[in-house]
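**Student:** Sequence:
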Amino acid sequence: MADDLAGLLVVSIEQAVAAPYLTNRLAEAGARVIKIEREEGDFARQYDHLVHGESAYFVWLNRGKESICLDLRTDEDKQILETMLEEADVFVQNLAPGAIDRLGFATQRLRKQYPKLITVTISGYGESGPYSNRKAYDLLVQAESGLCAITGNTAGSARVGGSVCDIACGMTAYEAVLQALIGRACCQAGRHISVSLFHALADWMNVPYLQSAYGGKSPMRNGLNHPTIAPYGAFTTSDGKQVLLSIQNEREWVKFCEGVLVSPGLVSDPRFNSNSNRVKNRDALSALIEDIFAHHSRDALSDFLSK
43 MADDLAGLLV VSIEQAVAAP YLTNRLAEAG ARVIKIEREE GDFARQYDHL
93 VHGESAYFVW LNRGKESICL DLRTDEDKQI LETMLEEADV FVQNLAPGAI
143 DRLGFATQRL RKQYPKLITV TISGYGESGP YSNRKAYDLL VQAESGLCAI
193 TGNTAGSARV GGSVCDIACG MTAYEAVLQA LIGRACCQAG RHISVSLFHA
243 LADWMNVPYL QSAYGGKSPM RNGLNHPTIA PYGAFTTSDG KQVLLSIQNE
293 REWVKFCEGV LVSPGLVSDP RFNSNSNRVK NRDALSALIE DIFAHHSRDA
343 LSDFLSK
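Each residue of the sequence shown is one higher than the one before, counting from 43 in our numbering.
Hints in this document: simulated from the structure, not taken from any laboratory.
Among the hints, erroneous ones may be present.
What the hints assert, rightly or not - Only pairs whose alpha carbons sit at most 27 angstroms apart, straight line, appear in this in silico DSSO-like list of lysine-lysine:
hint : residue 1 : residue 2
1    : LYS177    : LYS283
2    : LYS107    : LYS158
3    : LYS322    : LYS297
4    : LYS283    : LYS297
5    : LYS120    : LYS158
6    : LYS349    : LYS259
7    : LYS297    : LYS259
8    : LYS120    : LYS107
Stated by the list, open to error - FRET-style restraints, in silico, Cβ to Cβ:
hint : residue 1 : residue 2 : range
9    : ILE334    : ASN248    : 43 to 53 angstroms
10   : LYS297    : GLU169    : 22 to 32 angstroms
11   : SER344    : GLY203    : 18 to 28 angstroms
12   : THR196    : GLN221    : 38 to 48 angstroms
13   : LEU347    : GLY265    : 44 to 54 angstroms
14   : ASN315    : LYS259    : 46 to 56 angstroms
15   : LEU51     : SER344    : 22 to 32 angstroms
Cβ atoms here follow ideal geometry from the backbone N, Cα and C, with glycine treated the same way.
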């Protein structure tokens, strides 16, 4: 990756995933990132010890950074942070709600004292509102945002395997910091950025929300199927293995019918001649595909589908 942010200084009081994800992206773009940890360290260090004794999460999110241990309850270490902020371009923190104010580094004071500084607060639910004082973790926000309600199958809801709320928040914050840096280059002023796990994931949930609001039905858990696209999902082959299939448009549907199913008549079949009709008749379509796939091995079908 190009060092487009070389020369920028980022100071971050961070732990866990969302804020470290943001600063890792900044470090990979060339910024100098100083990670401030308490004496016991970022608790993500203790998630596991699988990567040469280090946590997989910690190694992933903190490569390319410098680290310093500070006890910000002491005047001496507060002064060290203050000195760093005098030179910093970006200041990031994801401490518990209210903690940064109690330590004497309230955003309002920093914005006034360092007008070119870009300040970033990563929180669970935003800096105002009824949930602003609550801590948040990825699992909670997956459930509260509705993501768990559309993940899994009819047997029950499920958590998405990756830390998607943390990552969504970190990605959103990274985009906002880059925008702020461009804005500062134009007007010589920093700004405050506030990004929460909940609001980042709520944005990702707009499609199921709109489908529910305007389609008149609550979203369903579809396993590997797609609520509004067909054929889509896993289909079993003659050797008992599975092939994942995703037909995204009518061109692909025609090619699939003619080249893989060898059933060109399906293209004009009124049950399947548009995506919406294929979704309405998903069970019949899936049964038809399963019947044809049952006569071919996974490797043979993979070859057909790759052409």
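**Student:** Each of the hints needs a verdict: does it hold here or not?
**Tutor:** To see whether the hints hold, each was checked on the structure:
Proposed proximity of LYS177 and LYS283 is contradicted: the alpha carbons are some 43 angstroms apart, above 27 angstroms. A threshold of 27 angstroms between alpha carbons decides the hint, and for LYS107 with LYS158 the separation of about 22 angstroms falls inside it, so the pair holds. Taking the CA atoms of LYS322 and LYS297, the gap is about 21 angstroms. The hint holds against a cut of 27 angstroms. Straight-line distance between C-alpha atoms of LYS283 and LYS297 comes to about 23 angstroms, which keeps the hinted pair within the 27 angstroms bound.
For the proposed pair LYS120 and LYS158, the alpha carbon gap of about 20 angstroms is at most 27 angstroms, so the pair holds. The hinted pair formed by LYS349 and LYS259 fails the criterion: a straight-line CA distance of about 37 angstroms is larger than 27 angstroms. Restraint check for LYS297 and LYS259: the C-alpha separation of about 32 angstroms exceeds 27 angstroms, so the hint is violated. Our distance criterion of 27 angstroms between C-alpha atoms is met by LYS120 and LYS107, whose separation comes to about 21 angstroms.
As the Cβ distance of ILE334 to ASN248 is approximately 36 angstroms, the hint placing it in 43 to 53 angstroms is violated. Remark: the range hint 22 to 32 angstroms for LYS297 to GLU169 is contradicted by a beta-carbon distance near 51 angstroms. The given range of 18 to 28 angstroms is respected by SER344 and GLY203, whose C-beta atoms sit roughly 24 angstroms from each other. Checking the proposed 38 to 48 angstroms range against THR196 and GLN221 shows it holds: the Cβ atoms sit about 42 angstroms from each other.
Between LEU347 and GLY265 the Cβ separation comes to about 20 angstroms, which falls outside the hinted range of 44 to 54 angstroms. Separation of ASN315 from LYS259 is about 23 angstroms and departs from the stated range, judged on CB atoms against 46 to 56 angstroms. Taking 22 to 32 angstroms as the suggested C-beta distance range, the pair LEU51 and SER344 does not conform, at roughly 50 angstroms.
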